[in-house]
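Student: For reference, the chains in residue letters:
2 protein chains.
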Amino acid sequence: MCSTMEKPYKVFVLRIGHRPERDKRITTHVGLVARAFGADGFVLAPPDENVVNSVKKVLEAWGGKDFYVGVTSSPRSYVKNWKKQGGAIVHLTMYGVGVDDIIDEIRRDPRDKLVVVGAEKVPKFYFEAADYNVAIGHQPHSEVSALAVFLDRLYEGKELNLSFNNAKIVVEPSLRGKKVVTRKE
Amino acid sequence: MCSTMEKPYKVFVLRIGHRPERDKRITTHVGLVARAFGADGFVLAPPDENVVNSVKKVLEAWGGKDFYVGVTSSPRSYVKNWKKQGGAIVHLTMYGVGVDDIIDEIRRDPRDKLVVVGAEKVPKFYFEAADYNVAIGHQPHSEVSALAVFLDRLYEGKELNLSFNNAKIVVEPSLRGKKVVTRKE
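These protein sequences, in sequence, are chains A and B.
Our numbering puts the first residue of the first sequence at 2, with every later residue one more than the last.
Our numbering puts the first residue of the second sequence at 2, with every later residue one more than the last.
Calculated from the structure, these hints are not laboratory results.
Any given hint could turn out to be false.
Since the list gives no way to pick one copy over another, a pair counts as held whenever it fits inside one copy or between any two copies.
[As the list claims (entries may be wrong)] DSS-like cross-link-like pairs, simulated, lysine-lysine; straight-line CA separation at most 27 Å:
| no. | residue 1 | residue 2 |
| --- | --- | --- |
| 1 | K66 | K180 |
| 2 | K8 | K180 |
| 3 | K169 | K84 |
| 4 | K180 | K25 |
| 5 | K84 | K122 |
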């Protein structure tokens, strides 16, 4: 099985401002949301092997060998290079334009997208480098929920039915209880 | 200002299996999502004053004095009592029925809803006590994103335009940069 979603461009998620001592679980959840909600890659700054390994373990068990997982110690250069290569920057921030006012324009924009997800304080650089500063509501909540709802809007809900290449475990939806199918290679 | 969403019933979020030493930030984000995405209350098991205080600080600054924040050391009794009083239980689990196959039925169900959000391993009790076991996709991601997308489906996106009573800070949406209005009491 593989995705049946149309994907006219790549979407990568860049998680900036990660603090290894505090954010391991939140950042891992950001990476898992990127994968589960249909993005093509996840890049982490600064590097943290613990998070990378946690996301890779999920890839091995649940599939998605084409999902890219990487790190950078220079997220600003990453953003600049993305732009140089013709890509667009989407920065998720509660201070931005409401997602429902801008998502159609973003969806139609043919450029590859880098979705930048920060922690509490994001330097001005990212607000200025962004082609789109997008708010998932204007209330404080979480980078995890912001990314999920953004990708859900971008892919119009179709991402919830994605299936993944090379999955060893697949869930069978169930009214009550857990059913999984385990596949041997 | 106050919400303009129709709310024919109450929606509370019960976060179970919280581990204070590991989950402080994830659980705080669950509480913030509950508030920001239109739920009426957040209940935490087991109790953790750090999380409660973090959520209450956001209520003070960003408004929502009617949002209930509580704790319980007996989440099973909480679920049983909710049912005894005529309420329905929604359990978010990747093993459940796909949200888009069941959300209309849940939205029309006139009972107050308790949305149960677990951590990694949820006891069978909750699968069996639930009126609805609901999956936000069948891939591993996060209780934070699962709750956000569930409430977003339940409220059909209207929750992103909620405004909150007694807010001291309100964001002005902006293409580039941060604009806030600060209100003195």
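Student: All hints are to be evaluated individually against the structure, with a verdict given for each.
Tutor: Checked hints:
When the C-alpha separation of K66 and K180 is checked against a cutoff of 27 Å, the pair qualifies only within one copy, where the shortest distance is 23 Å, while the shortest distance between copies is 41 Å. Proximity of K8 to K180 under the C-alpha cut-off of 27 Å is found in neither arrangement, the shortest distances being 30 Å within a copy and 34 Å between copies. Taking the closest pair of Cα atoms, K169 and K84 never come within 27 Å of each other, the shortest separation being 37 Å inside a single copy and 37 Å across copies. Proximity of K180 and K25 under a CA criterion of 27 Å is satisfied in neither setting, with 29 Å inside one chain copy and 30 Å between copies.
Within a single copy, K84 and K122 get their C-alpha atoms as close as 23 Å, which meets the 27 Å cut-off; across copies the closest is 42 Å, which misses it.
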